[in-house]
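> Chain residues, written in single-letter form:
4 protein chains.
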Amino acid sequence: MGPGAKAKAADLQNAYQLGQLIAQRGWVLLTGGRNMGVMNAASHGAKATNGLTIGILPTDDPNSISEAVDIAIISDMGNARNNINVLSSDVVIACGMGAGTASEIALALKGNKKVILLNDNEQSKLFFKDVLPQNIYIVDNPGEAIKTAEEILALHHIA
Amino acid sequence: MGPGAKAKAADLQNAYQLGQLIAQRGWVLLTGGRNMGVMNAASHGAKATNGLTIGILPTDDPNSISEAVDIAIISDMGNARNNINVLSSDVVIACGMGAGTASEIALALKGNKKVILLNDNEQSKLFFKDVLPQNIYIVDNPGEAIKTAEEILALHHIA
Amino acid sequence: MGPGAKAKAADLQNAYQLGQLIAQRGWVLLTGGRNMGVMNAASHGAKATNGLTIGILPTDDPNSISEAVDIAIISDMGNARNNINVLSSDVVIACGMGAGTASEIALALKGNKKVILLNDNEQSKLFFKDVLPQNIYIVDNPGEAIKTAEEILALHHIA
Amino acid sequence: MGPGAKAKAADLQNAYQLGQLIAQRGWVLLTGGRNMGVMNAASHGAKATNGLTIGILPTDDPNSISEAVDIAIISDMGNARNNINVLSSDVVIACGMGAGTASEIALALKGNKKVILLNDNEQSKLFFKDVLPQNIYIVDNPGEAIKTAEEILALHHIA
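Residue numbers (our numbering), protein chains in the order written: chain A, 238 to 396; chain B, 238 to 396; chain C, 238 to 396; chain D, 238 to 396.
Keep in mind that a hint or two might mislead.
If several chains are the same, the list does not tell them apart, and a pair holds so long as it fits within one copy or across any two.
Unchecked claim - List time: in silico DSS-like cross-link candidates among lysine-lysine, alpha-carbon distance up to 25 Å:
# : residue 1 : residue 2
1 : LYS366    : LYS243
2 : LYS350    : LYS362
3 : LYS284    : LYS362
No lab work stands behind these hints: they were computed from the structure.
Excised from the complex, chain A in its bound form (with noise of 0.2 Å):
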C-alpha cells in the first residue's frame, strides 16, 4: 500500500523492489492496482521477476488499469476498497505515505492486521505506534520489510 500520484522517487524505488522481493518468495502482490505511484511500481517489479498481481481498483475506468496487474478486482466502491485490500492481505506492508495510505493503516489495524511501515515520515510512525503498537513494525528498507514479514508470516503460521 501506498500514495499514489502524491508519491516520492525513493517511494517508487523501495515499491518496486518489494514487488521484485515478494514475487521471488512465491507470495502473491495484491495492490490498489492503478496505473500509478506504489501501487503501480511494486506492480511492475513484481511482473519483472515473473509474480502473480492482483489489483483491488476503486472505480470502473479501464484505462486505471495498471498493465503490470494481472487480475484486476473492479470494487468500483472509491476509497472504501482501502478495507478490502487490507483484509485480503497476509500482511500489509505501507511504503510512502499520504491520506489513503494512513486510511490503509488505519483500517488494517482497525481489523487487526500487523502492519509494516517503510517510510520517511517520523510523525506516522510515532502515531500508529501509540494507535496499536504490538500491529506496527518499523523498518529501514524493502529487504528489511520482507525479513519482517517472514517472520510475522512464520509466527502467525499464516500460510
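Once you have looked at the hints, place chains B, C and D on chain A.
Positioned in the frame of chain A, the structure of chains B, C and D alone reads:
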C-alpha cells in the same frame, strides 16, 4: 466520529456536548450509529436537545443500534462504512482517537473534507496536520469545535 | 425503489403518490436519491406533504442529488449501494422495473425483506414470486401498496 | 455465479464442469468464494484441471472460504460484494437460480455485462430476457455456456 468500546470518559462527555450543540443549531447529527462510545454519547446529546440523528451502521445486527439514533442506515459493510460516514458529512469532528477514528480522519482528508480534531493525543495532531495541513483544525473543547464548524460552513457556503 | 432515467410516465405518477402517502403516515421515505426517475418523483411527493426524505447516492457528484432529498447519504459505491437501500428499509416498494430495480428486489429477498411490486411487468411478478413467494406482495396501485405495507409492519411489529 | 446452500444437484454438476472447462481454456475462475454450492463446485472443478481460482468473500470468516479458492478477496460487505463479482468478470455465467444469483444477474445487466443463463427456471429466462435482451444468452449445458463465452469474448475483443 470517535471511538466505540475504547472511548475515554472525557471523549464521552465531549461527544454528549457536541451532540447537544449540533442539535441546538438545527444541524443533523451523523454518526457510526452503534450503541457504544462516542457515537452513542453524541446521539444521546442530540436527542436531549430534540435533534435529528442519523447512524450509518457497520452490520445488520439490530441490537447494535443506539436507541438515540432516529434513522439507521444499515450498510452491512464493516469498517468500509467509515468512508460513507465522512463523505456524507459537511464537516467531520473527530472526538477521541483510535484505529477506526484514524481511518475516518484519513478517509475524510482523502475526500478533501475539513476535519476538526478534539482529543488529547498529540501525535495524532502532528501526524494529520502533516498529511493535509489546510484541512485540519485543532480545538480544545466542544464549544470551540462548533464555532470552527460554523466558520468552515460559512466560508465554504455549505448549506 | 424504481428506475432512474428509464422510468415510465405511469411509474413517475405512482412514485409521486407513494411519496405523498408515505409522508402522510409520518413515515420516512428512503430512495436512491438521484434527481431522476422514481426516486426523484417519490421524494418530491413526500416533500409536497412535508415528509422527511433520505437518499442513498451511488456517487459523490453533488449535481446528481434530487433537490427533494433532505438527507443525502453519499455511498460512492455505485450500484453496490442498492444493498444499503434495501437493508435500511422496513418494507421495500418496487415501483416500475429495470436492471437496477431488479437488483434491489433480489438483494431485498436475499436479506429477507418484504417486497411490494407495483408495475405492469408480468414476467417480473412471476419470477420474483418464484424466487421467494412468502416475501413478495403484488399490488395494482399506490394506495394498495401503502395498505399492504401497513399490514406487513403491523404483522411483524416493525415500529 | 450461482446459489450457495440451496444449489440443486444438477447445478453443482454443471458448476464443476464449468470450472473444468474454464481452467482448460487458461481462463481465471472468479466466484463468490464460499465453501458451498455453485461457487465451491466450480472452484473444485477448476482446481482439478490446475486452474487459477479467485473468490470474493462476503465476510471475513476464514472458515467460510472454499479450500479450492487460491486467492481469497475479503470484501466484508455482505451481498453488496455481488456487484464486485460481476464488474470484475469478463463474462458472467449464472448457474442455477436464487435471490443472490438473481441480484448478480441484475447487477451485471446494470453494469452492461453479458450474462449466460444455465438453469431450468423458465421464469428467470423470460424475465431477464425482458430486462435487457441483447445482454442475455440462454444455454442448455456447460459446453454450450463456454462456447457462448468464447464467442462473446471474441466479438467484444476482451483479452
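> I want to check one pair: LYS366 and LYS243. Are their C-alpha atoms no more than 25 Å apart within a copy, between two copies, both, or neither?
both (24 Å within a copy, 17 Å between copies)
> What label fits LYS350 with LYS362 when the C-alpha limit is 25 Å: within, between, both, or neither?
The answer is both: 16 Å in one copy and 24 Å across copies each meet 25 Å.
> Taking 25 Å as the upper bound on the Cα-Cα distance, should LYS284 and LYS362 be classified as within, between, both, or neither?
neither (30 Å within a copy, 39 Å between copies)
Taken one by one, the earlier hints fail for this structure only at number 3.
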